[in-house]
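Protein chains in written order, with our numbering: chain A, 32 to 142; chain B, 163 to 276.
Calculated directly from the structure, the hints in this document are not laboratory data.
Check each hint, because a few of them may be wrong.
To be verified - These stretches of chain B come out as covered by chain A in the derived footprint (C-beta under 8 Å, 3 or more residues):
#1 201-209
#2 259-272
What the hints assert, rightly or not - Capping the alpha-carbon separation at 20 Å, the derived lysine to aspartate or glutamate pairs in DMTMM-like fashion look like this:
#3 K99/A / E34/A
#4 K32/A / E206/B
#5 K32/A / D218/B
#6 K137/A / E206/B
#7 K137/A / D115/A
#8 K73/A / D186/B
To be verified - A few chain B residues that don't get close to chain A, going by computed Cβ distances all over 12 Å:
#9 R177
#10 L222
#11 P223
#12 V236
Bear in mind the structure is a predicted one, so any value in this text is a computation, not a measurement.
All residues carry an ideal CB built from backbone N, CA and C; glycine is no exception.
What follows is the residue order along each chain.
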Amino acid sequence: KQEVTQIPAALSVPEGENLVLNCSFTDSAIYNLQWFRQDPGKGLTSLLLIQSSQREQTSGRLNASLDKSSGRSTLYIAASQPGDSATYLCAAMDSNYQLIWGAGTKLIIKP
Amino acid sequence: GAGVSQSPRYKVAKRGQDVALRCDPISGHVSLFWYQQALGQGPEFLTYFQNEAQLDKSGLPSDRFFAERPEGSVSTLKIQRTQQEDSAVYLCASRENPYTGELFFGEGSRLTVL
Numbered sequence: 032k033q034e035v036t037q038i039p040a041a042l043s044v045p046e047g048e049n050l051v052l053n054c055s056f057t058d059s060a061i062y063n064l065q066w067f068r069q070d071p072g073k074g075l076t077s078l079l080l081i082q083s084s085q086r087e088q089t090s091g092r093l094n095a096s097l098d099k100s101s102g103r104s105t106l107y108i109a110a111s112q113p114g115d116s117a118t119y120l121c122a123a124m125d126s127n128y129q130l131i132w133g134a135g136t137k138l139i140i141k142p
Numbered sequence: 163g164a165g166v167s168q169s170p171r172y173k174v175a176k177r178g179q180d181v182a183l184r185c186d187p188i189s190g191h192v193s194l195f196w197y198q199q200a201l202g203q204g205p206e207f208l209t210y211f212q213n214e215a216q217l218d219k220s221g222l223p224s225d226r227f228f229a230e231r232p233e234g235s236v237s238t239l240k241i242q243r244t245q246q247e248d249s250a251v252y253l254c255a256s257r258e259n260p261y262t263g264e265l266f267f268g269e270g271s272r273l274t275v276l
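With the rest of the complex left out, here is chain B (with noise of 0.2 Å):
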């Protein structure tokens, strides 16, 4: 695609509940991150994958939060059991290269938790 794409934008719910969140990067990128950005805030690393290979993940904040990269394209951020501190936008960015070069972002998806 032209760019990263992330759905969905906007995502309401109840404490509790699960949600995933969808990240369709540049193709070709061997690289995926995953940002947590509350208001007002720079983006807060969560986790990184080259290709199917989740590398980093020292950023998620707790074993509720899992991300996976099955076929080294499409990427998916899931949040078990939703808690109110999870509200944030969630961000989604590729590179072309594993180490280095330019970084590109999706639109984010606003979670908001009840």
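Just chain A, with the same shape it has in the complex (with noise of 0.2 Å):
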């Protein structure tokens, strides 16, 4: 059964620093995983999407990674910005096209 694991559960930064987030599954059988941003009180926003036959993708100053083989995405946030604060949730589509969620990291960018 497919597990998606999100470390650290909470993170606090200075403004401006780079700062990267990660997220683990525990079975390389994935169609794709995409990451969202949420904030509180609201739904989720759909930050990027990566195929399983990628490694990286691209928006902005967020760059997500992925790869199945240590069953690991990374998403990295460049020259973070207080409003970048927010709950980052990563899912994966399992073999079944069921997606399978982590539990978030709170993010907090201190100005």
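Got two chains here, each in a separate frame; can you build the complex from them with the hints?
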């Protein structure tokens, strides 16, 4: 059974720093992996979708990588800003086309 | 529409009342999902529609939960005889393709059962 883990559960860094959020999964047979952002009291906003055949995707200051063999994905945020403060969730689509979710990393960027 | 729309955004119900939550997916999206999200947790799958067909309802926690999408567009999640443990945010998401691709979420409906 696929399990997705995000560590740490919470992270606080000063503004301007580059940072990496981690997402690990137990079964490498995934179709894709998607990163989302969730602000308090809001729905989820899609950030990046990486297909299983891809190694990384980039959007602005965000870069997501995927290493299926090691069961890991990382979300790199460059030059962090207070507006990046949110909870970041990853979800892996398993072989049954089901999305398996991590519990999220709550990120706080201190001005 | 431009995005996934959910209503109501907030709903307070007395225990035992029935509630109905609506989801308007992105126009033309084949796939529609309902999730339940507790505070500080990731979304938990409830049910999945492909057009009007409910292909998976394995995540519905009890027979008090019922979902429909009769014309393959708008969907309604109904909860009968609400209990306090039903208090959560209910998220709807849609996707253009049946099986893969990017998933787009609505703002969610926050249900509080007193």
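Under a C-beta cut-off of less than 8 Å, do 3 or more residues of the region 259-272 of chain B approach chain A closely enough to confirm the stated coverage?
That given contact holds, which follows from 11 residues of the region 259-272 of chain B lying within Cβ reach (below 8 Å) of chain A.
Is it true that the CA of K32/A sits at most 20 Å from the CA of E206/B?
holds, 15 Å
Hinted pair, alpha-carbon criterion (20 Å max): K137/A, D115/A. Please report holds or violated.
holds, 10 Å
Is it true that the CA of K99/A sits at most 20 Å from the CA of E34/A?
holds, 14 Å
Hinted pair, alpha-carbon criterion (20 Å max): K137/A, E206/B. Please report holds or violated.
holds, 18 Å
Closer than 8 Å Cβ to Cβ for three or more residues is the test here. Does the region 201-209 of chain B pass it with chain A?
Since 6 is at least three, the answer is holds.
Pairwise hint evaluation, D186/B against K73/A, where the allowed Cα distance is 20 Å at most:
Given pair K73/A, D186/B holds - Cα atoms ~16 Å apart, limit 20 Å.
Would R177/B pass as off the interface with chain A, using Cβ distances and a cut of 12 Å?
Since the minimum Cβ distance to chain A is about 23 Å, R177/B lies beyond 12 Å and the statement holds.
Is the hinted pair K32/A and D218/B satisfied, with a Cα-Cα distance of at most 20 Å?
holds, 18 Å
With 12 Å as the threshold, tell me whether V236/B passes as away from chain A on beta-carbon distances.
Label holds. Min Cβ-Cβ 17 Å, cutoff 12 Å.
Once the closest CB in chain A is found, is it more than 12 Å from L222/B?
holds, 15 Å
Find the nearest Cβ of chain A to the Cβ of P223/B and say whether that gap is larger than 12 Å.
holds, 17 Å
No hint from the list above goes unmet by this structure.
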